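Colleague: Letter by letter, the chains look like this.
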Amino acid sequence: MSSPQERYKRNSKTISLEEQQVMAGTTITVIGCGGLGGFIIEGLARSGVGTLRLVDFDTFDVSNLNRQLFATEHTIGASKLKEAVHRVQAVNSTVQIEAINAKADLDNLPQLVQGSHLVIDAVDSIEVKIWLEQICNKMNIPLIYGAIGGKYGQMAVSLPGKPVVATLYQNGQKHGIEKELGNPYYTPCVIGGMMVKLALDVLFDADYETGGFYFIDLDSYMINFISTKGDEV
Amino acid sequence: MLEVRLFATFREGREKIIMMEYQPGMTGYDIITPLGIPEEEVAIFLINGRHSKLHAELEDGSVLALFPPVGGG
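In order, the protein sequence lines correspond to chains A and B.
Those letters in the first sequence? Residues 0 to 232, by numbering that gives the first Met the number 0.
Those letters in the second sequence? Residues 0 to 72, by numbering that gives the first Met the number 0.
Since the hints were derived computationally from the structure, they do not count as laboratory data.
None of these values were measured; they are calculated from a predicted model.
Check each hint, because a few of them may be wrong.
Said to hold, decoys possible - Selected chain A positions facing chain B (in silico; Cβ < 10 Å):
(1) SER1
(2) ALA121
(3) LYS128
(4) GLY145
(5) GLY149
(6) LYS161
(7) TYR185
(8) ILE222
(9) ASN223
(10) ILE225
Said to hold, decoys possible - Some chain B residues well away from chain A (every beta-carbon gap over 10 Å; in silico):
(11) LEU1
(12) GLU20
(13) PRO23
(14) GLU38
(15) ILE43
(16) ARG49
(17) HIS50
Stated by the list, open to error - Okay, the calculated bits of chain A under chain B, using three or more residues with CB under 8 Å as the criterion:
(18) 29 to 39
(19) 165 to 177
Where a beta carbon is used, it is the ideal one built from N, C-alpha and C, also for glycine.
Just need the whole structure built from these sequences, with the hints factored in.
Modeller: Okay, here's the thing in structure tokens:
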């Protein structure tokens, strides 16, 4: 096994040794091991997060092959959770893994996120996204929110006392534009990668925006931070 | 004048930024109706960067932003 210095050598000019040590002592929970989740889990494992708690209940089907990183022709029908665990073990065996086969809901979310330093939303249900923010805010755990649809994505840091997700679905929508547009490869890949960066920025107490959300338009290669300050949720 | 900024799929078949004549008493409904955007498709409505309801009354010179829901994972 290689030393941490060798393994993370190509991180060293963007992630300091101290930050690398912070990461090694951190538990991050990722809810959802599909489109966004696949790229996020891969990124956190390669970056050197100490413990990854992974949550999913679903299995891969053929329509996942276009974009979900752990979906291959050999894993159709297999558990997304198990394939995520195999991938993390193959990429970085120093990462501790806690695998939980569960469908997140309002009842089990407190248990699922308990003890995490940071939680990442990679679920495909607006209802669960809103619950996840409620629970994380209540339990004082920072949340990285993300959502994708077609060529568009959005992400945000949700902190206790500064809810964001609840403001993004004002008309009680159950689904977003993804229901009609689906998701091509590049959308979860780009937004998932950016969510890894945002998660590390929160862990390292680096610069990032709060009080709004990042809107990513891949059709026109544009990233905007949209402030929603002054919200009364 | 009002500046209406459209995002994501709201731009399909429309301009990204639309200038509209201000009339006293206008609300968000007077913006989405002529644009052919159904209320149920609006997830985020911002007036000058503040989260707002469609029935909120607008002021001359406001910048409005409209987003559809994005919910996939």
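Colleague: Work down the list of hints and note, for each, if the structure agrees.
Modeller: Here's how the hints hold up against the structure:
1. Given the 10 Å rule on beta carbons, the hint for A/SER1 is violated: about 33 Å separates it from the nearest Cβ of chain B.
2. Residue-level restraint check for A/ALA121 holds (minimum Cβ-Cβ distance to chain B is 5 Å; threshold 10 Å).
3. Of the supplied interface hints, the one on A/LYS128 holds, with its beta-carbon coming within about 7 Å of a beta-carbon of chain B, less than 10 Å.
4. This hint holds: A/GLY145 has a C-beta 7 Å from the nearest C-beta of chain B, less than the 10 Å allowed.
5. Interface restraint check: A/GLY149 against chain B, minimum CB-CB distance 7 Å, threshold 10 Å, status holds.
6. The interface hint given for A/LYS161 is violated, since its Cβ lies 13 Å from the closest Cβ of chain B, which is over the 10 Å cut-off.
7. Interface hint status for A/TYR185: violated, as the beta-carbon distance to the closest one in chain B is roughly 13 Å, over 10 Å.
8. About 12 Å separates the beta-carbon of A/ILE222 from the nearest beta-carbon of chain B, more than 10 Å, and the hint is not met.
9. The beta carbon of A/ASN223 comes within 8 Å of a beta carbon in chain B, closer than 10 Å, and the hint placing it at the interface holds.
10. A hinted interface residue such as A/ILE225 counts as satisfied when its beta carbon comes closer than 10 Å to some beta carbon of chain B; here the least separation is about 7 Å, so the hint holds.
11. With a least beta-carbon separation of about 18 Å from chain A, B/LEU1 lies farther than 10 Å from that chain, consistent with its non-interface assignment.
12. With a cut of 10 Å on Cβ distances, B/GLU20 stays outside the contact zone with chain A, its closest approach being about 25 Å.
13. For B/PRO23, the shortest C-beta to C-beta distance to chain A comes to about 23 Å, beyond the 10 Å cut-off, and the non-interface label holds.
14. The beta carbon of B/GLU38 sits about 7 Å from the closest Cβ of chain A, which is not more than 10 Å, so the claim that it is off the interface is violated.
15. Distance check on B/ILE43: its Cβ comes as close as 6 Å (rounded) to a Cβ of chain A, failing to clear the 10 Å threshold; non-interface status is violated.
16. Some Cβ of chain A comes within 10 Å of the Cβ of B/ARG49; the nearest lies about 4 Å off, and the non-interface call is violated.
17. Separation of B/HIS50 from chain A is inadequate, the least Cβ-Cβ distance of about 4 Å not exceeding the 10 Å criterion.
18. Residue count for the stretch 29 to 39 of chain A with a Cβ under 8 Å from a Cβ of chain B: 5. That meets the three needed, and the coverage hint holds.
19. Counting residues of the stretch 165 to 177 of chain A whose C-beta sits closer than 8 Å to any C-beta of chain B gives 10, which meets the bar of three, so the coverage hint holds.
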